[in-house]
Amino acid sequence: MREYRWFDVPVNRKILVAYLVLAGLYAISALISPSFRTFVNFKHLLLQTTPLIIVGVAQSLVMLSGGVDLSVGAIMSLANVVAVQSWKGMGNIGFIYLFLIPLGLGALAGGINGLLIGKRNLPPIIVTLATSSIFWGFALLLMPTPGGSMPPSLALILAGGSLVPTIIFCSLVFLVTFFLQFTEAGRGIYVVGSGEEVARLLGINIIRVKVYTYALAGLITSLAGIFMAARMFSGDPMVGQPYVLDSMAVAVIGGTSVNGGEGGVLGVIGAAFIFNLLNNILNMLGVSTFYQFVAKGIIVIAAVAITQGSSLIKDQNKTLS
Amino acid sequence: MLKKRFYPFLLFLLVILLLAAELLSPGFVRPRHLGVVLRQAAFLGFVGVGQTLVILSGGIDLSVGSLVTAGNIFTCELLGRNPDLSPPLVLIPLLVMGVLIGMINGLGITMLHIPPLIMTFAMGSIVDGMTLIYCGGSAAGYATPPIQYLGSKLLFGVIPVNFLLWMVLLGGSTFLLNRTTFGRKLFAVGTNEIAAYVSGVNVKKVKIYTYGLSGLCAIFAGMILAGYTQTGFLGIGNEYTLSSIAATVIGGTAITGGRGGEIGTAIGALILIIIQSILTVLRIPESGRKIVEGLVILLLINAYFERGKK
Numbered sequence: 001m002r003e004y005r006w007f008d009v010p011v012n013r014k015i016l017v018a019y020l021v022l023a024g025l026y027a028i029s030a031l032i033s034p035s036f037r038t039f040v041n042f043k044h045l046l047l048q049t050t051p052l053i054i055v056g057v058a059q060s061l062v063m064l065s066g067g068v069d070l071s072v073g074a075i076m077s078l079a080n081v082v083a084v085q086s087w088k089g090m091g092n093i094g095f096i097y098l099f100l101i102p103l104g105l106g107a108l109a110g111g112i113n114g115l116l117i118g119k120r121n122l123p124p125i126i127v128t129l130a131t132s133s134i135f136w137g138f139a140l141l142l143m144p145t146p147g148g149s150m151p152p153s154l155a156l157i158l159a160g161g162s163l164v165p166t167i168i169f170c171s172l173v174f175l176v177t178f179f180l181q182f183t184e185a186g187r188g189i190y191v192v193g194s195g196e197e198v199a200r201l202l203g204i205n206i207i208r209v210k211v212y213t214y215a216l217a218g219l220i221t222s223l224a225g226i227f228m229a230a231r232m233f234s235g236d237p238m239v240g241q242p243y244v245l246d247s248m249a250v251a252v253i254g255g256t257s258v259n260g261g262e263g264g265v266l267g268v269i270g271a272a273f274i275f276n277l278l279n280n281i282l283n284m285l286g287v288s289t290f291y292q293f294v295a296k297g298i299i300v301i302a303a304v305a306i307t308q309g310s311s312l313i314k315d316q317n318k319t320l321s
Numbered sequence: 322m323l324k325k326r327f328y329p330f331l332l333f334l335l336v337i338l339l340l341a342a343e344l345l346s347p348g349f350v351r352p353r354h355l356g357v358v359l360r361q362a363a364f365l366g367f368v369g370v371g372q373t374l375v376i377l378s379g380g381i382d383l384s385v386g387s388l389v390t391a392g393n394i395f396t397c398e399l400l401g402r403n404p405d406l407s408p409p410l411v412l413i414p415l416l417v418m419g420v421l422i423g424m425i426n427g428l429g430i431t432m433l434h435i436p437p438l439i440m441t442f443a444m445g446s447i448v449d450g451m452t453l454i455y456c457g458g459s460a461a462g463y464a465t466p467p468i469q470y471l472g473s474k475l476l477f478g479v480i481p482v483n484f485l486l487w488m489v490l491l492g493g494s495t496f497l498l499n500r501t502t503f504g505r506k507l508f509a510v511g512t513n514e515i516a517a518y519v520s521g522v523n524v525k526k527v528k529i530y531t532y533g534l535s536g537l538c539a540i541f542a543g544m545i546l547a548g549y550t551q552t553g554f555l556g557i558g559n560e561y562t563l564s565s566i567a568a569t570v571i572g573g574t575a576i577t578g579g580r581g582g583e584i585g586t587a588i589g590a591l592i593l594i595i596i597q598s599i600l601t602v603l604r605i606p607e608s609g610r611k612i613v614e615g616l617v618i619l620l621l622i623n624a625y626f627e628r629g630k631k
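These protein sequence lines are chains W and S, in that order. If you're matching positions, the first sequence starts at 1 in our numbering and goes up one per residue. If you're matching positions, the second sequence starts at 322 in our numbering and goes up one per residue.
No lab work stands behind these hints: they were computed from the structure. Misleading hints may appear alongside valid ones.
Examples of chain W residues lying across from chain S (beta carbon under 8 angstroms, computed) [claimed, not checked]:
#, residue
1, I125
2, L129
3, A305
Quick caveat, the model's predicted, so the values are computed rather than measured. Positions of the beta carbon are idealized from the N, C-alpha and C atoms, including for glycine.
Generate coordinates for the entire structure from the input sequences, incorporating the hints supplied.
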């Protein structure tokens, strides 16, 4: 295997398109709405987008390996509920457990997904659909209705300002990019995603790759659960529900191929902001939430069509040349 | 993965479940109660028919749940506002709407190259929004007697009318799959899209029609469901998205497309509904129900794949 250097980081066309679309949307939003330009609104947008970026990174990892994770919503909810409950259970000494238990559980849940998918060679869609039902069951078992509380000081540090969330998601994206580009384990995900037959011939342990990919995704997803607990000051067993499909859309808009092996997590930040920016601007313009459902659907279709379209042109050029 | 003795295996599973249900709650297999269970299963059955077609073609349809809700709400609103109009006049445009929405899914997937998971999910969001805009956020209206007859009547106190409708739909779709060129093309597309294209199959057309049929089945399910619920319920269709996929897969249809059939899905729907009603009878809370359902799906597909590996 040849050495990978920093300039090999794939800033492909799809990622550029995502950020260009974001810049365009941002400019238009800033022009048409004065309240959009305020710092308060920017902070709000940032806080709203942080969990989506985190889950989007997790989903991108899984998609890169050629799979898909429909259980991210359930894992996020489980982590959210567990974080709140372990704070309640441990009291003041439990600061550290508030992180360790949900993160551990998230990694375990993802690892179970990976084992079932890798070792038993079951289709990811069905496995994660079924495990998502199970994880959601456990979340509901722990906390049937929204409630509980978080240590206020921690919540303020994590989700009170705009600096800490930015640091969280930026460092996450760069860490994962580093992992994907420069470590053998990270390259393994790309190889498995490009084609399992090739990976097998290269002597890669596919089962191991799948287990750590899904486990890592679970770990990252539970981070979003903890963040939501801090932002809401409480737990909610249904908090992850919208993130299942939003995360897939964000991963694809961010330049990761649903067929695996192509893409990365650098585009996720842009994609997630595109996603929430439009909601934000619709709110600013006073559009009813009913219309926002319609708008969200159209936005996802348009954004994915644009990014997919750009890859199509590339492919055509390839065949022409 | 589908072996010769697969359907007997599924039926055997069904019988075991019924026996277990009878043991856990005596009276479960009374004809009348079975009729009630069949009536419940038929709604999932309708959706499953469409979902199976889509999965056989190599795709997946996540918009069915929203379409079921839309069918439910629109039927009640439209009938409640125009009780004097004859139901077909009100309902046929709705069915057309379902087909069109499904075909838009197909168009997005084939023309804009949007992955089916994302296209149909986004369409689900759009349909949800349209339903909410139409009913203004709260469901109103009611189902008139003809629709109630279709949705909840038990003939002779035993056979649900909607079960008969289900059988008609099942027969029709099985005929479509096995006895028409469209059906054979659909299998070809699901097995290997490129091979189908090279053999002269109009892949895009097949896919667009398939999603259209799925939209039709889903909105039809919602309409008949309105006869059962009597009034509209927002979000009533949500569970059908995942349940229909689960029923299809439990029924032995490969999630990658090309292999499987409608009969398996019908039995899969029955299995799911019987498990659900056992859990309800046992007064298991929602958390427990979700855990059991997930475990059942995992156990079943695990068993299938082991059988297939051999």
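Going through the hints against the structure:
Proximity of W/I125 to chain S holds as hinted, the smallest CB-CB distance being about 6 angstroms (cut-off 8 angstroms). Residue-level restraint check for W/L129 holds (minimum Cβ-Cβ distance to chain S is 6 angstroms; threshold 8 angstroms). Interface hint at W/A305: satisfied, since its Cβ lies 4 angstroms from the closest Cβ of chain S, which is below the 8 angstroms cut-off.
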